[in-house]
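Chemist: Using the sequences plus the hints, can you model the full thing?
Protein chains in written order, with my numbering: chain A, 223 to 450; chain B, 15 to 494.
Keep in mind that the hints are not guaranteed to be accurate.
[Unchecked claim] Okay, the calculated beta carbon distance ranges per label pair:
1) Ala86/B / Ser312/A: 20 to 30 Å
2) Thr418/A / Gln117/B: 35 to 45 Å
3) Asn381/A / Asp102/B: 23 to 33 Å
4) Thr423/A / Asp102/B: 25 to 35 Å
Hints are computed from structural coordinates only; laboratory data are not their basis.
The structure displayed is predicted, hence computed values, not measured ones.
Every residue, glycine too, gets a C-beta built ideally from N, C-alpha and C.
Okay, here's what each chain looks like letter by letter:
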Amino acid sequence: MSDYNISQQIAYQGFNFNSSKSDVMNVEEGAKIRWTMDAEGGTTAHSTRIDNEYAVFTLSNCTVSPSSQVAMLGCLTAGTNHTVITLTGSEGQSWSAQAVYTHFNTSGSAEVTKTFTVSGTISNDLYGMEIRDASGNLRMSVGRRQPRLHAFVTGTGSNNADQTITISGFNTPSPAEWHAVNVKDGSLYRVTQGTTANQLTLTHIDEDVDNFFTLTGTNDYELVIMRY
Amino acid sequence: MSYGIRAVNKDGVSLIDENSKQVHISKTGSVVPGTLSVDDSAENPFHTGPKAKGVIVPGEIGESLVFVRPRATSGSQTAATFCVHMGDTTKYWTSTTATVVGQSYILATPSGQVQIKPSITLSVQAGDVISGATSGASGVVIRSMTGNSSTFIHLRAASGTFTSTEDLLKNGSSTGATVATGGTTGNPKLFVEGIHLENHTSDYCPYNPDLHTAGENFLVDTIGGLTGSQSHWASGNTNQGPRIIDIETTSTTGVYKLYLDGTWSSSLPAGTESSDIPRSVAIFAREFQSSYPSNHVLDYRFGSLDNDADESTGYGFEMRDANGKLTYSSNRINFQIESITTGNADVVGDRDISGGNPIFSYEVNDPTNYQDYFALVASFGPSALCLEGSATSNTRGYWLYSTGFSFSPPGYRPYDNATAGYGLLISPSDNKTSTNAGGIAHCAVCFAHWNDSPQFTGGSYFSETLNHLSPRDLIIGKFI
Chain A
223 MSDYNISQQI AYQGFNFNSS KSDVMNVEEG AKIRWTMDAE GGTTAHSTRI
273 DNEYAVFTLS NCTVSPSSQV AMLGCLTAGT NHTVITLTGS EGQSWSAQAV
323 YTHFNTSGSA EVTKTFTVSG TISNDLYGME IRDASGNLRM SVGRRQPRLH
373 AFVTGTGSNN ADQTITISGF NTPSPAEWHA VNVKDGSLYR VTQGTTANQL
423 TLTHIDEDVD NFFTLTGTND YELVIMRY
Chain B
15 MSYGIRAVNK DGVSLIDENS KQVHISKTGS VVPGTLSVDD SAENPFHTGP
65 KAKGVIVPGE IGESLVFVRP RATSGSQTAA TFCVHMGDTT KYWTSTTATV
115 VGQSYILATP SGQVQIKPSI TLSVQAGDVI SGATSGASGV VIRSMTGNSS
165 TFIHLRAASG TFTSTEDLLK NGSSTGATVA TGGTTGNPKL FVEGIHLENH
215 TSDYCPYNPD LHTAGENFLV DTIGGLTGSQ SHWASGNTNQ GPRIIDIETT
265 STTGVYKLYL DGTWSSSLPA GTESSDIPRS VAIFAREFQS SYPSNHVLDY
315 RFGSLDNDAD ESTGYGFEMR DANGKLTYSS NRINFQIESI TTGNADVVGD
365 RDISGGNPIF SYEVNDPTNY QDYFALVASF GPSALCLEGS ATSNTRGYWL
415 YSTGFSFSPP GYRPYDNATA GYGLLISPSD NKTSTNAGGI AHCAVCFAHW
465 NDSPQFTGGS YFSETLNHLS PRDLIIGKFI
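Modeler: Structure follows, in structure tokens:
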């Protein structure tokens, strides 16, 4: 399980040219970073020119797994669409991981490259307490993400209208830490998270939208609230 | 936060606080996903294989989380596609002896049974129809058995109420056996039993799981799974409507000892019925046109979010809120979410989905331990109904879809869009040839299909969809 995620995108407008993307991550010794790369940012279009094209890695004070057949997001591949970086250096050392993809441009007339780089300084500026279970599994650390289930909220909407649901703490301090999903079978409500503190909106699914009829459903909802 | 401990990681993200809750796993088990057929099964060419059974959802209705994973019981793990539906069933009990004041239990029989008059023996085979000569009540024998003074015949698809001492018919013929006298030996009421989908497409396609054939049970659980809540006797106890909190078998087949959370303040006569016990069931169904891997089962775990401490370990780290409720324990096995991926898994508008494949997937970070991954089921039941009409009967039909899962361990590919959601028209080139990744997809799963549909002009179709504008969530993690 990775401790961090990074998803790098290069805008699709740069597809026919040599393009690059770099980010800095100063994280602790031994950290694991899930790394995905995308050369078609901002579009749903897909060019088969990058299918089955794999990264050539250059690494310093880190390893990647898998290290072969790593393709970009959305690509046809015999391998994976991601890899996981593990830092191997010590505190204070610099680390970097670079992935270079070579592919033909859309016309097939020339080869171009996409270069993704993540680098940083290994920093153990951590303090606090780690908690492990009797088997040594890390259960909590100040250096780790710990997604967790926060609450379960049930109810019934009324008047086939949108509903505002109050959940203490939701969206605070940042909506990016929260997620909600409606698990009710056949519910005609979908979650619109929004950015307002302590609440979310249940948006009612109207019938006959875009000429598609909805199945007979229910106005009940069962919300699972997650924080991470 | 005004009290307690709050742990914040280096990025300022809260790890635990006084509002934390943990997943309490209350039930685990395995099941083989089965077929969800249709009422007009004679018209359904894909009505093959074992039917899907229901698993009683523990706890109160509507407050359980369901986690699933396919697992190989022998050999290697392969790809598996399935979907999950919620349904319901009911059961109730009839006392077999009078209750005693001050006691906290009752001897009772569950619905779906009939007791034969003492000293009379009646042998039956699975599938025999047993009926009452005067009441007209009837039911189908579940399995071969012999009914006598201490044995109840278990029935399914039963209706009506047998009356005491009436003659019993077997397949319409007299048997010489009679129903045991009520009031002393019990006379269970009967009613139609089975599992029913919570959400079904009643408007256009009356749809529910078929009744199970003779010898099959419609539940994975034993009768014990039907206890634990919501059963109330009408009166006669210190707490109006005690709940059944435990169950034991007795030396008499078909009679159970039910423990209540109250005591009887007056005596109830034998033959007193409880009210119905409605229970939710989870129904695990496979993709209709391909078999579930023969060496695989589907592991399920039911959980709820609570603040109850259930650990007995004398060491570790615990946090509690101001009311003494547990908010965190280092001993609790929790669902550690690795990824929440949002996308669209709903069929929209046409069974030809070449314009957009209703599938999205996630590659796990730890493919060498792929078998440890569970998905939190965040969508249940039918999600789309497609009807394709044609002047040629063999090309028309209904397709019913759910938003299910396709688990593809390293070496398998159906977590892309080529195999998951089988029955959809998908570009054949849009799939992986092989992979060393472990993928899990949220995808459209066609779980039922039948050919009987109105004839349209060639190529016409219509579709009904649910949540077609809604994002779905693929929530993956491990229990550690």
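Chemist: Hint by hint, say whether it matches the structure.
Modeler: Tested hints:
One distance hint, 20 to 30 Å for the beta-carbon pair Ala86/B and Ser312/A, is violated here, with the actual separation near 41 Å. Against the hinted window of 35 to 45 Å, the Cβ-Cβ separation of Thr418/A and Gln117/B comes to about 55 Å, which falls outside the hint. Between Asn381/A and Asp102/B the CB atoms are about 26 Å apart, so this pair conforms to the stated range of 23 to 33 Å. A hinted range of 25 to 35 Å holds for the C-beta pair Thr423/A and Asp102/B, which are about 29 Å apart.
When the structure is compared with the earlier hints, violations turn up for hints 1 and 2 and for no others.
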